[in-house]
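Here's the letter readout for the chains.
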Amino acid sequence: MDTEKNPNVSLSRLLELVETSTLSSIKGTVGGILSLISDPAARSSDLIRLIELDPPLTAKILRVANSSYYATSKTISDIQQALIWIGFDTLKEIILTQKMSELYRGGTPACGYSRLQLWRHSLGVALLAKTIYRREFGEKGNNAYAAGLMHDIGVIVEDQLLHREFIHLVRILEDTPQQLTDGEISCFGYDHGLVGKGLAENWNFPAELIDGIGFHHNPEGAREEHRLFVKAIFIADYLMFEQGYGYVAIPLPDREILQQYVRDLGLQWYALRAIIEIVREDLGKIEQKGYLIA
Amino acid sequence: MSCSEADLQQRIQRIQELETEVRHLGNELRLTREEYEDATSKYLDIYCNLEKKIGERTRELDAVNGKLVQEIEERKRTEAEKEQLIIHLQKAMQEVKVLSGFLPICASCKKIRDDSGYWSQIEEYISKHSSALFSHGICPDCVKKLYPDFHEEMQRRTKK
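Chains A and B supply the protein sequences, listed in that same order.
Residue 375 is where the first sequence ends in this note's numbering, and the numbering goes up by one at each step.
Residue 1368 is where the second sequence ends in this note's numbering, and the numbering goes up by one at each step.
Derived by calculation from the structure, the hints in this document are not laboratory data.
Some clues are possibly wrong.
[To be verified] In silico BS3-like cross-links for lysine-lysine, where the CA-CA straight-line distance does not exceed 27 Å:
no. : chain 1 : residue 1 : chain 2 : residue 2
1   : B       : Lys-1250  : A       : Lys-221
2   : B       : Lys-1299  : B       : Lys-1319
3   : B       : Lys-1261  : A       : Lys-155
4   : A       : Lys-141   : B       : Lys-1250
5   : B       : Lys-1353  : B       : Lys-1367
6   : A       : Lys-221   : A       : Lys-155
7   : A       : Lys-370   : A       : Lys-221
8   : B       : Lys-1318  : B       : Lys-1352
9   : B       : Lys-1250  : A       : Lys-155
10  : B       : Lys-1261  : B       : Lys-1284
11  : B       : Lys-1367  : B       : Lys-1319
12  : A       : Lys-108   : A       : Lys-221
Could you put the whole structure together from the sequences, leaning on the hints where they help?
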């Protein structure tokens, strides 16, 4: 691949490469599902039509819907039944999770980094962000789940398209501990937040999600109306790293920033601890049953 | 009974935790109820669509069925016409068969002998076994032979 020969691939060139790579295969379904998530008037028929465009996805959805994780009392044999038995919102999450998981397959672990670890982290952030929204704010948190799942999409782009340089960076991070974003900027000239933001803009993701992906390391840079949302993603990201659901050896940012964002969102630590416990249980169940990568 | 400051703090913390748990469960319950209502409405949506689809399909099938009945009638009529045609053709074939092959004919009077040994006039035989009709006339040779005077008179008139 030409990018491996050229260590100075610009951000715009990298985003062009995304469009011609296998990464772009998820664009249609993911774009469609994100529109449905952010549209409160979305109909079940819209979701069914979207799934019908991707036949292998139907089989995967039915397998997940029939798994003991969802523990439905009857066998689900078509998407309409899945819609009724496991719910519209959960079905949207399953589809998004299934499509996103396709990007994290393969790869060889190096210096504590692996695509599986990155996926496990993303899933953890998604579940934590969603549970904060549900339990604390009494909102469904579908957007928070999507942003959590996709916040590090820039990392997988770097891993897949700038593989050699990325693995080199992972080795540097192991030898010289520093923030991932700092290491990326000295290595590539941009960080995974910018890569993810560029991809999200090119793929016409909703504005809230673009900010969630682009500014999850720097929520203050997000548009004011999305700042609290991005802070929730920052908190979930930080806490999952802290809980051992990281993917690369890096020091965590200043804890005072985390404390400040927790206050900004009006969260209490004892409430957050209870939520973390629920998410750890959920992730444990997912890993135990072998559903981490579908 | 008095309790220590630490004990009091512990109790306050426990109360806060329980309050949080109740609030969290309250939120989950409300969201689950909303999701249940949403699932019910989606179910009804799918059910109504299904009813509508069944109605549309039934109408389509009725229309196709009507066309098929019409087509079957037409085919039956065509079959009957074909059968008539076959009977007609078979009859014609039989007649052709009778008039083909060797016909025993008298070398002198030209009568034809049929399968039962009866001798018929040639025109009678052909009229019976085909749709040909005969119109009688007389040829010039027979005029000369049977009516020599009349023949001579005709010759003279022609020369003039």
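| message | Checking one constraint from the list: CA of Lys-141 of chain A to CA of Lys-1250 of chain B, max 27 Å. Satisfied? | response | Judged against 27 Å, a Cα distance of about 22 Å means the pair holds.
| query | Is the straight-line distance between the alpha-carbon of Lys-1261 of chain B and that of Lys-155 of chain A 27 Å or less? | reply | holds, 25 Å
| message | Check the hint pairing Lys-1261 of chain B with Lys-1284 of chain B against an upper bound of 27 Å on the C-alpha distance. | response | violated, 34 Å
| query | Has the given pair, Lys-1353 of chain B with Lys-1367 of chain B, been kept, meaning a C-alpha gap of at most 27 Å? | reply | Holds, at roughly 20 Å.
| said: Check the hint pairing Lys-1299 of chain B with Lys-1319 of chain B against an upper bound of 27 Å on the C-alpha distance. | reply: Holds. Lys-1299 of chain B to Lys-1319 of chain B sits at ~25 Å (cutoff 27 Å).
| query | Can the restraint linking Lys-1250 of chain B and Lys-155 of chain A be considered satisfied, given a maximum Cα separation of 27 Å? | reply | holds, 18 Å
| query | Can the restraint linking Lys-370 of chain A and Lys-221 of chain A be considered satisfied, given a maximum Cα separation of 27 Å? | reply | holds, 25 Å
| Going straight from one Cα to the other, do Lys-1318 of chain B and Lys-1352 of chain B come out at no more than 27 Å? | Answer holds: Lys-1318 of chain B to Lys-1352 of chain B is near 20 Å, not above 27 Å.
| query | Has the given pair, Lys-1367 of chain B with Lys-1319 of chain B, been kept, meaning a C-alpha gap of at most 27 Å? | reply | Given that 27 Å is the threshold and the Cα spacing comes to 38 Å, the pair is violated.
| Is Lys-221 of chain A within 27 Å of Lys-155 of chain A, Cα to Cα? | holds, 26 Å
| query | For the pair supplied as a hint, Lys-108 of chain A and Lys-221 of chain A, is the alpha-carbon distance within the 27 Å limit? | reply | Holds. Lys-108 of chain A to Lys-221 of chain A sits at ~24 Å (cutoff 27 Å).
| query | Within 27 Å, alpha carbon to alpha carbon, are Lys-1250 of chain B and Lys-221 of chain A? | reply | Within the cut-off at roughly 17 Å; holds.
Comparing the model with each numbered hint stated earlier shows that hints 10 and 11 do not hold.
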